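Starting from the known structure of chain A, fit chain B onto it as the hints suggest.
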Amino acid sequence: MLRTRKISLLFVIVFFVLLLSSGASYGISEQFKGKIYAPGSLKPVDSSTELKPGMKAPVFTLPSTGGEKISLAKFRDKKNVVISFVPAAWTPVCSDQWPGYNIAKHIFEKNNAILIGITVDNIPTLFAWTREMGELWFPVLSDFWPHGAVSKEYGVLRSDGTAERALFIVDKKGIIRYIDVHDINTRPSLDVLVKELEKLEK
Amino acid sequence: MKRKLIAFLAVTACVFFSVQMLFAAGNVPEKGEIFPEITLPVPERTHETEYLGIKEKTHFMISQINADLIIVEIFSMYCPYCQKEAPNVNELFALIEQSEKYSCRVKIIGIGAGNTPFEVDVFRSQYNIRFPLFSDETFSIHKKIGEVRTPHFFVIRNTPDGKGKMVYSEVGSIQDPAKFLERIIRESAIRQEE
Numbered sequence: 001m002l003r004t005r006k007i008s009l010l011f012v013i014v015f016f017v018l019l020l021s022s023g024a025s026y027g028i029s030e031q032f033k034g035k036i037y038a039p040g041s042l043k044p045v046d047s048s049t050e051l052k053p054g055m056k057a058p059v060f061t062l063p064s065t066g067g068e069k070i071s072l073a074k075f076r077d078k079k080n081v082v083i084s085f086v087p088a089a090w091t092p093v094c095s096d097q098w099p100g101y102n103i104a105k106h107i108f109e110k111n112n113a114i115l116i117g118i119t120v121d122n123i124p125t126l127f128a129w130t131r132e133m134g135e136l137w138f139p140v141l142s143d144f145w146p147h148g149a150v151s152k153e154y155g156v157l158r159s160d161g162t163a164e165r166a167l168f169i170v171d172k173k174g175i176i177r178y179i180d181v182h183d184i185n186t187r188p189s190l191d192v193l194v195k196e197l198e199k200l201e202k
Numbered sequence: 001m002k003r004k005l006i007a008f009l010a011v012t013a014c015v016f017f018s019v020q021m022l023f024a025a026g027n028v029p030e031k032g033e034i035f036p037e038i039t040l041p042v043p044e045r046t047h048e049t050e051y052l053g054i055k056e057k058t059h060f061m062i063s064q065i066n067a068d069l070i071i072v073e074i075f076s077m078y079c080p081y082c083q084k085e086a087p088n089v090n091e092l093f094a095l096i097e098q099s100e101k102y103s104c105r106v107k108i109i110g111i112g113a114g115n116t117p118f119e120v121d122v123f124r125s126q127y128n129i130r131f132p133l134f135s136d137e138t139f140s141i142h143k144k145i146g147e148v149r150t151p152h153f154f155v156i157r158n159t160p161d162g163k164g165k166m167v168y169s170e171v172g173s174i175q176d177p178a179k180f181l182e183r184i185i186r187e188s189a190i191r192q193e194e
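Taken in sequence, the protein lines are chains A and B. Per my numbering: the first sequence = residues 1 to 202. Per my numbering: the second sequence = residues 1 to 194.
You may find that some hints are simply not true.
Stated by the list, open to error - With beta-carbon atoms standing in for the labels, derived distance ranges:
id	chain 1	residue 1	chain 2	residue 2	range
1	B	159	A	147	56 to 62 angstroms
2	B	91	A	202	48 to 54 angstroms
3	A	58	B	53	54 to 60 angstroms
4	B	49	A	59	50 to 56 angstroms
5	A	200	B	126	41 to 47 angstroms
6	B	56	A	33	38 to 44 angstroms
7	A	56	B	179	57 to 63 angstroms
8	A	34	B	49	35 to 41 angstroms
9	A	58	B	179	54 to 60 angstroms
10	B	91	A	68	36 to 42 angstroms
Calculated directly from the structure, the hints in this document are not laboratory data. Quantities reported herein were computed from a predicted structural model and do not represent experimental measurements. Yeah, the Cβ is synthetic: ideal placement off N, Cα and C, and Gly gets one too.
This is chain A alone, in the form it adopts within the complex (with noise of 0.2 angstroms):
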């Protein structure tokens, strides 16, 4: 009896995590047909970085999709960064994130910056989904081993081992300009990230 009494209980709690997962809003490109994970409506921050806008941003170096290894360090003095941290390749905001930053490209040499991405995922997992994106002019770090390593120490790598969604602008200097723990279910806005890329020093 006791079992079933658990069982029915555990049956209600399915029940509204399933009905509140339904609500989430996003667009998702037919581009990725059926192959995107709807992971329902998540809890919007995980984690609680300890940076502010000031810091010195920590120094990483990362293997990227294209076969190289990427160091924030390198462009140290020569261009302002933007990293953007995704919780993971497959889901849906996120897949609908990226593309839109590869027709902003110059936006973000206007600005004399450029994009890394970042997300806790393998280098075959990556290559495959970015490959759907189309070619993108900017690199994709693996921060998969030691896992998330540099989420972590950006403080923004939530408890499930997946990353927040996450912007933060380096500065030619490698100060820390601008950060954004953005609520995981939604997409920040470009018109954001471009006003703060507007008062750096180019």
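Then chain B, alone, in the frame of chain A:
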């Protein structure tokens, strides 16, 4: 005990799906159905207002567009498929504009699902789009039309009462623009009304 469990499971499933249907944004309007009434802001660009033939000052309804056939593309600047399709839709627009018969009767608009006006502008300038594009920043229009995947094309047979039936409602590429135009003209039977 097992039977009880199955019954419980069945009831849970039924309640879940019926409640979810209440919450659902509604279905995608299909071919043969009436397109929901959608209100849009009057564009700031005068050539776009002239193109649409609207006289309203602030807002207008899609059915007020001065055309017999209205093609509505639901897109997003973030959608790679929409990016790939953009030159194809431009070609369709050019074909219609060059047609003596149909340039006044067939019009195209685009609605950017979840896109801010700035994001719509990025898409417009990237692909040099000359037909009017609108922002649906809050997904409110997107919800009204069943949260379609992008790009989705609707073609509405426009009538003065706003109850014109749709002749096309499909996700994905329109394929060959000339064949597409021929098809929607044939299926809407607007040719017979000349």
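Hint by hint, here is what the structure shows:
1. B:159 / A:147: 56 to 62 angstroms: holds, 60 angstroms
2. B:91 / A:202: 48 to 54 angstroms: violated, 38 angstroms
3. A:58 / B:53: 54 to 60 angstroms: holds, 57 angstroms
4. B:49 / A:59: 50 to 56 angstroms: For residue 59 (chain A) against residue 49 (chain B), whose Cβ atoms are near 53 angstroms apart, the range 50 to 56 angstroms holds.
5. A:200 / B:126: 41 to 47 angstroms: The hint (41 to 47 angstroms, Cβ to Cβ) is violated, given that residue 200 (chain A) and residue 126 (chain B) are roughly 23 angstroms apart.
6. B:56 / A:33: 38 to 44 angstroms: 39 angstroms Cβ-Cβ, so the 38 to 44 angstroms window holds.
7. A:56 / B:179: 57 to 63 angstroms: Between residue 56 (chain A) and residue 179 (chain B), where Cβ atoms are some 59 angstroms apart, the hint holds.
8. A:34 / B:49: 35 to 41 angstroms: holds, 40 angstroms
9. A:58 / B:179: 54 to 60 angstroms: With Cβ atoms ~55 angstroms apart, the hint holds.
10. B:91 / A:68: 36 to 42 angstroms: At roughly 38 angstroms between Cβ atoms, residue 68 (chain A) and residue 91 (chain B) fall inside 36 to 42 angstroms, so the hint holds.
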